[in-house]
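Just so you know, the sequences run in chain order A and B. Number 268 in this note's numbering belongs to position 49 of the first sequence; there are no gaps in the numbering. Number 393 in this note's numbering belongs to position 174 of the second sequence; there are no gaps in the numbering.
Please note that a few of the clues may not be correct.
As the list makes no split between identical chains, a pair holds if one copy fits it or if it spans any two.
Taking lysine-lysine pairs in the DSS-like style, the calculated list, with each CA pair at most 25 Å apart, reads [to be verified]:
(1) K357 - K323
(2) K301 - K222
(3) K400 - K323
(4) K317 - K357
(5) K357 - K301
(6) K317 - K301
(7) K317 - K410
(8) K400 - K301
(9) K222 - K410
(10) K323 - K222
(11) K357 - K222
(12) K410 - K400
(13) K317 - K400
To be clear, the hints were calculated from the coordinates, so they are not data collected in a lab. Here the structure is a predicted model, which is why all the values come from computation and not from measurement.
Number of protein chains: 2
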Amino acid sequence: MSKEADLEYPVINPVADRWSPYGFSEEPVSTDDLRSLLEAARWAPSSYNEQPWRYIVATRSNTQQYDAVLSCLAEPNQQWAKAAAVLMLGVISRQFEKNGKPNKAAEHDLGLASANLSAEATQRGLFVHQMIGIDPEKAREVFAIPEGYEALTGLAVGHRANPDTLPDALRERDEAPRQRKAQSEFVFGGKFGEAL
Amino acid sequence: MSKEADLEYPVINPVADRWSPYGFSEEPVSTDDLRSLLEAARWAPSSYNEQPWRYIVATRSNTQQYDAVLSCLAEPNQQWAKAAAVLMLGVISRQFEKNGKPNKAAEHDLGLASANLSAEATQRGLFVHQMIGIDPEKAREVFAIPEGYEALTGLAVGHRANPDTLPDALRERDEAPRQRKAQSEFVFGGKFGEAL
């Protein structure tokens, strides 16, 4: 089995080797690793350096917090994410702190931070599977998220499971090759749609 | 002068060494480098593997395309971005291709892709400065961006300028230390706002 990216051009390993497993093992993530993942998020760029990202983090050893984060994921995601050593919610601040104006880049900039987090995880042999399928209003209630902030994503973080230990449906997803559009389909050099 | 990140925890160089200069030199970016930056974007994760990102790319050697992208940036950004060897617009697809339903993750997932692009650039000694300050309607007109797609960001890509060659205002911005919130301000381990 290979999940190697079918590269058109060479890229760094933290990008090339990253993929989103459905099968996680319960092996813990060390505090050092977890803090470095969040540190990578910390140094992402953001519009006006607003840093609109917040992460609500739960490790399996804190059962109450873990179950609270798990309960905010969409039910189909809970089924596989409940095996991960760490669960997080990615939360955005919708307004600029200094003047209360809407931050048009908030969702985008959470993506910048979470991509850094994933690159750091990949380099450390860890895996991240992000989810848009969460319940933001439940998260608001469970974690007392104030007005102006909103949970946007879930993140499962941990070690991969041995595929042989997974139910067939998850194993098949984890064994499927990674697929992407060709560069010619998303990199344009003239009008929109004209390949570079 | 040092722009070294003041790290609380160690992170990989493509994250630690990345920052967004205002001063770009006109030194070209090789085609190999440019294609690898876009390849890194290509392998980002996305909701349902939709890959909602598109990039409109212009190198300085193609004056017409370069000036067209430049004209879509907000005026204050044009002032410094016009020195960069490569300009891009980051465009999102707002609906899923297969069923036309809204993609709630589109902006976020463009962020994931552009962070990968920036990490690859950093590893190659190149710099990226992203902008939310663009004119999406002008971009729609200039590049014939169809309904359902929307330009969200601009990206200046290239080599740094020697700071001594920059006007004072830009040099001061590029020499200022990089600052971030502490992890305790955005990493929560209980309710929202409670540090992990």
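Status of each hint after checking the structure:
{"no.": "1", "hint": "K357 - K323", "in the structure": "both (24 Å within a copy, 17 Å between copies)"}
{"no.": "2", "hint": "K301 - K222", "in the structure": "within (23 Å within a copy, 40 Å between copies)"}
{"no.": "3", "hint": "K400 - K323", "in the structure": "between (27 Å within a copy, 20 Å between copies)"}
{"no.": "4", "hint": "K317 - K357", "in the structure": "neither (28 Å within a copy, 29 Å between copies)"}
{"no.": "5", "hint": "K357 - K301", "in the structure": "within (17 Å within a copy, 46 Å between copies)"}
{"no.": "6", "hint": "K317 - K301", "in the structure": "neither (38 Å within a copy, 29 Å between copies)"}
{"no.": "7", "hint": "K317 - K410", "in the structure": "between (38 Å within a copy, 24 Å between copies)"}
{"no.": "8", "hint": "K400 - K301", "in the structure": "neither (31 Å within a copy, 30 Å between copies)"}
{"no.": "9", "hint": "K222 - K410", "in the structure": "neither (34 Å within a copy, 37 Å between copies)"}
{"no.": "10", "hint": "K323 - K222", "in the structure": "neither (35 Å within a copy, 27 Å between copies)"}
{"no.": "11", "hint": "K357 - K222", "in the structure": "neither (35 Å within a copy, 41 Å between copies)"}
{"no.": "12", "hint": "K410 - K400", "in the structure": "within (19 Å within a copy, 40 Å between copies)"}
{"no.": "13", "hint": "K317 - K400", "in the structure": "between (40 Å within a copy, 14 Å between copies)"}
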